[in-house]
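Using the sequences and the hints given, assemble the complete structure.
Protein chains: 2
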Amino acid sequence: MGDKRTSSGFLLKQRAFLKLYMITMTEQDRLYGLKLLDALRDEFRPFGYKPNHSEVYKALHDLIEDGVLQQVKRKKEGMKLQEVVYYRFPDGGYEKAQLYKRQLKVELERCESMIKKAIRDNYGYVESATNP
Amino acid sequence: MGDKRTSSGFLLKQRAFLKLYMITMTEQDRLYGLKLLDALRDEFRPFGYKPNHSEVYKALHDLIEDGVLQQVKRKKEGMKLQEVVYYRFPDGGYEKAQLYKRQLKVELERCESMIKKAIRDNYGYVESATNP
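Chains as they are written, first to last, in the working numbering: chain A, 1 to 132; chain B, 133 to 264.
No lab work stands behind these hints, which were simulated from the structure alone.
Possibly wrong hints are sitting among the right ones.
To be verified - Now the in silico label distances, taken between C-beta atoms and shown as ranges:
id, chain 1, residue 1, chain 2, residue 2, range
1, A, VAL106, B, TYR189, 27 to 33 Å
2, A, GLN71, B, LYS248, 18 to 24 Å
3, B, ARG220, A, GLN70, 54 to 60 Å
4, A, ASP62, B, TYR189, 29 to 35 Å
5, A, VAL106, B, ILE196, 21 to 27 Å
6, B, GLU197, A, SER113, 30 to 36 Å
7, B, LYS207, A, ASP62, 51 to 57 Å
8, A, ASP29, B, LYS248, 22 to 28 Å
9, B, GLN203, A, GLN103, 37 to 43 Å
The beta carbon of each residue, even a glycine, is placed where N, CA and C say it ideally should be.
Pasting the structure below:
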């Protein structure tokens, strides 16, 4: 799978990162339409990371395709004609989501260790200079 | 630049990561031929990261193109006909390398913070349960 590039197991992919946030936002009942895009952009602005519409769309699509999330349309309160799209776990979706979250925790921790190692390997002697 | 994908500023690219290691290995006088590939594979095996030949080649090529590294051929000790390829900083290369390393330190720290944030945002409630 993934004809675009063979994975060498470098840092986690943006797609996985976005899917993780989508699952958590669904748990917290706050995944509405594409509000997510604004929410993530706000959260990650201080880090210089700006997820784009197409990445977010593909991540959502993956989760729906895999039966993790389900799109639901609901009438906006007090509005007869306006609908709002939100997401919830279909039957079996919550369990799949929890499995995915457990896998992603391992993956995030792996990435954190790799980055720490790179800081140590490439700048270690700078920091050790401040030690006795 | 970068017609393959527009950068949304997600985690650092593998290419940059490899270039950083190449610079440090040159500082330590241990960047020989493609030994680097074996060295990096050994170092990152526990992390499930296996850089491939083409990635390493492209990173080296970038550094040479940018005047950071220079390829030198040297006769192997005691061998009349065998040459070994190694890398050193050409004139001005060391300064460029140091600038790159400073930039990459900021970038690695940014990535570390983003990953820590993701762990906190998506698993925080688990860990906080152990706190008073």
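Could you check the hint for me, namely that VAL106 (chain A) and ILE196 (chain B) are 21 to 27 Å apart, CB to CB? violated, 37 Å
Per the hint of 30 to 36 Å, is the separation of the Cβ atoms of GLU197 (chain B) and SER113 (chain A) within bounds? Cβ of GLU197 (chain B) to Cβ of SER113 (chain A): about 32 Å, so the range 30 to 36 Å holds.
Cβ separation of ARG220 (chain B) and GLN70 (chain A), checked against the hinted range 54 to 60 Å: Holds: the Cβ-Cβ distance is about 59 Å, inside 54 to 60 Å.
Cβ separation of GLN203 (chain B) and GLN103 (chain A), checked against the hinted range 37 to 43 Å: holds, 42 Å
Should the hint that ASP62 (chain A) and TYR189 (chain B) are 29 to 35 Å apart at their CB atoms be regarded as holding? With a Cβ separation near 32 Å, ASP62 (chain A) and TYR189 (chain B) satisfy 29 to 35 Å, so the hint holds.
Using the beta carbons of ASP29 (chain A) and LYS248 (chain B), state whether their distance is inside 22 to 28 Å or not. Given about 25 Å between the Cβ atoms, the range holds.
Taking 27 to 33 Å as the stated bounds, is the beta-carbon spacing between VAL106 (chain A) and TYR189 (chain B) within them? holds, 31 Å
ASP62 (chain A) and LYS207 (chain B) - C-beta distance against the hinted 51 to 57 Å: holds, 55 Å
Has the hinted range 18 to 24 Å been met by the Cβ atoms of GLN71 (chain A) and LYS248 (chain B)? violated, 31 Å
Comparing the model with each earlier hint shows violations of hints 2, 5; every other hint is respected.
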